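Residue numbers (numbering that gives the first Met the number 0), protein chains in the order written: chain A, 0 to 257; chain S, 0 to 257.
Hints listed in this document are in silico derivations from the structure and should not be mistaken for laboratory results.
Here the structure is a predicted model, which means the values were calculated and not measured.
It cannot be assumed that every hint is accurate.
Note that identical chains are pooled: a pair holds if it fits in a single copy or bridges any two copies.
Said to hold, decoys possible - Straight-line Cα separation of at most 30 Å, BS3-like style, residue types lysine-lysine; simulated pairs:
id, residue 1, residue 2
1, K24, K124
2, K55, K222
3, K136, K207
4, K248, K113
5, K151, K124
6, K49, K213
7, K222, K109
8, K133, K172
9, K129, K24
10, K24, K109
11, K109, K129
12, K24, K151
13, K41, K151
14, K172, K129
15, K2, K133
16, K136, K124
17, K136, K2
18, K248, K151
19, K129, K2
20, K248, K49
21, K109, K133
22, K151, K113
There are 2 protein chains.
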Amino acid sequence: MEKLSIIKIGGNIIEDDTSLNAFLKLFSNLEGHKILVHGGGKRATHFASKLGIESKMINGRRITDAETLEVITMVYGGLVNKNIVAKLQALQIDAIGLTGADINSIQSEKRPVKEVDFGFVGDVKEIASKSIDKLIKANFTPVFCAITHDRKGQLLNTNADTIASTIAVGMSKIYETTIYYCFELNGVLSDFNDKKSVVKNINTKTYKELLEAKIITDGMIPKIDNCFDALNNGVHQVHIGNTAMLTQKNDNFTTITL
Amino acid sequence: MEKLSIIKIGGNIIEDDTSLNAFLKLFSNLEGHKILVHGGGKRATHFASKLGIESKMINGRRITDAETLEVITMVYGGLVNKNIVAKLQALQIDAIGLTGADINSIQSEKRPVKEVDFGFVGDVKEIASKSIDKLIKANFTPVFCAITHDRKGQLLNTNADTIASTIAVGMSKIYETTIYYCFELNGVLSDFNDKKSVVKNINTKTYKELLEAKIITDGMIPKIDNCFDALNNGVHQVHIGNTAMLTQKNDNFTTITL
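Pulled out of the complex, with its shape left as it was, chain A reads as follows (with noise of 0.2 Å):
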């Protein structure tokens, strides 16, 4: 089985030219098959507060309502999406910037209303893996932002975590897959308060034990549990940790497997 590597990349890394840069340039370098999916939630805060409109945010995840969603179709599937595949062009990789729209290749649901009305924000029910391939077999490199359709003519924010991992597991079937999420961290820590304490490697038996000893808690727990939700479905390892893991000389980040 060939392999195919999935990056996924926050907010932090595109709002500041010099680090998405720098980032493009390691992602080029990284070896074999492989998908960005990026974020842009800064950029489309500004862009909003911008055209008057507030962006309301409930546990971190954004209230779409049909003004937002033209903002982030603009920001996220335009402006980021197609400043990136411009420069990866330019490091001669042959990118593609999608929306789960484009060959239909991420199709979600809009959340249902319960006790908060989330607006125009999608769940994930399916991924064209068949479709991915072709351009994957083609060469080129897909470049996904965090946008998907319900194939009924709706565009919908996705969350991009939730993207990175649903299409490592669409993907699986072709590829040994894995995620690499990139954040601002090196990796899941022992002691918050020293950078350097990366926990290297999980697995179902020893996060059992760092949950126990309180080491893994909080924001941290559903993070892992969605790796591990993706590693039960097929996808290979995923590492967590900043974007210097995408070189060979650093290890310092997590690795989870099974």
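Fit chain S to the known structure of chain A by using the hints.
Just chain S now, with coordinates in the frame of chain A:
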């Protein structure tokens, strides 16, 4: 040789959701391989003004400073393009939205500054016809917005008519290509005051006669000259008219051949 239709729509069709939906229905019913090219200038002007950016036009061409390029990337590449893709997916067309940066499909050069500095405006240099054909052969329907890139990381604003004709010329090595330029009128009119007075056929010989008789004048001359340029470079035929020309029933539009 298989046939390929390149359909270009302008700002008026996009501006109004009813006319866009009606057009996309016609487009989805069009048989054979097809590529859509769209502008979006009116939407861009609208959002630029909301963001406090003044739109400057010279001879109908937008002066594209850095801020304006951001708006164009957001509106053409994001808002307009991705909504068209989502609407086409709902019509069972496996659309894929592209700028010229995606799969390096349209490489251009920043226009040199002469009397006017157009800013980030690109003149098309090269079409990646083989890469575009990989998408067509995979049964995807490309939807191009009016943005290209210089392959050095810079996106550039490019006239949508030019994109349509250059794609058609580039693809004519592989396909028998036909361009459909959709605009408000039924076609080239022999009497500007009579909207039904369509000149149905123009070729090299009758074009000279129409010019001499001053039936074709002013702004229509460069448009038709561009059509003959495309025909002289391998394009099979060019149709000019309103979107109804995409139906089999209507024959009241202008067809240009050599």
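How the hints compare with the structure:
For a Cα distance limit of 30 Å, the shortest separation of K24 from K124 across copies, 26 Å, qualifies, whereas the shortest one inside one copy, 33 Å, does not. Proximity of K55 and K222 under a CA criterion of 30 Å is satisfied intra-copy only: 22 Å inside one chain copy versus 48 Å between copies. Taking CA atoms no more than 30 Å apart as the test, K136 paired with K207 passes in neither setting, with 40 Å inside one copy and 50 Å between copies. In this assembly of identical chains, the alpha carbons of K248 and K113 never lie at most 30 Å apart, being 47 Å within a copy and 49 Å across copies at closest.
Taking the shortest Cα distances, K151 and K124 sit within 30 Å of each other inside one copy (14 Å), while across copies they are farther apart (37 Å). For the identical chains of this complex, K49 and K213 are neighbours neither inside a copy (42 Å) nor across copies (50 Å), given an alpha-carbon limit of 30 Å. With identical chains, the CA atoms of K222 and K109 are at most 30 Å apart within one copy only, with a shortest distance of 22 Å there and 44 Å across copies. When the C-alpha separation of K133 and K172 is checked against a cutoff of 30 Å, the pair qualifies both within a copy, at 14 Å, and between copies, at 23 Å.
Taking identical chains as interchangeable, the C-alpha atoms of K129 and K24 lie at most 30 Å apart whether they share a chain (28 Å) or sit on different chains (26 Å). Taking identical chains as interchangeable, the C-alpha atoms of K24 and K109 lie at most 30 Å apart only when they sit on different chains, with a minimum of 24 Å there against 36 Å within one chain. In this assembly of identical chains, the alpha carbons of K109 and K129 lie at most 30 Å apart only when taken from the same copy (24 Å versus 37 Å across copies). Taking the closest pair of Cα atoms, K24 and K151 come within 30 Å of each other only across two copies (14 Å); inside a single copy the shortest separation is 38 Å, beyond that limit.
Taking the shortest alpha-carbon separations for K41 and K151, both the intra-copy value of 29 Å and the inter-copy value of 26 Å come in at or below 30 Å. In the homo-oligomer, the alpha carbons of K172 and K129 lie at most 30 Å apart both inside one protomer (10 Å) and across protomers (28 Å), since each shortest distance falls under that limit. With identical chains, the CA atoms of K2 and K133 are at most 30 Å apart both within one copy (15 Å) and between copies (22 Å). Taking the shortest Cα distances, K136 and K124 sit within 30 Å of each other both inside one copy (24 Å) and across copies (27 Å).
Taking the shortest Cα distances, K136 and K2 sit within 30 Å of each other both inside one copy (13 Å) and across copies (25 Å). For a Cα distance limit of 30 Å, the shortest separation of K248 from K151 across copies, 28 Å, qualifies, whereas the shortest one inside one copy, 46 Å, does not. With identical chains, the CA atoms of K129 and K2 are at most 30 Å apart both within one copy (16 Å) and between copies (26 Å). Proximity of K248 to K49 under the C-alpha cut-off of 30 Å is found in neither arrangement, the shortest distances being 42 Å within a copy and 48 Å between copies.
In this assembly of identical chains, the alpha carbons of K109 and K133 lie at most 30 Å apart only when taken from the same copy (27 Å versus 32 Å across copies). When the C-alpha separation of K151 and K113 is checked against a cutoff of 30 Å, the pair qualifies only within one copy, where the shortest distance is 22 Å, while the shortest distance between copies is 48 Å.
When held up to the earlier numbered hints, the structure conflicts with 3, 4, 6, 20 and fits the remainder.
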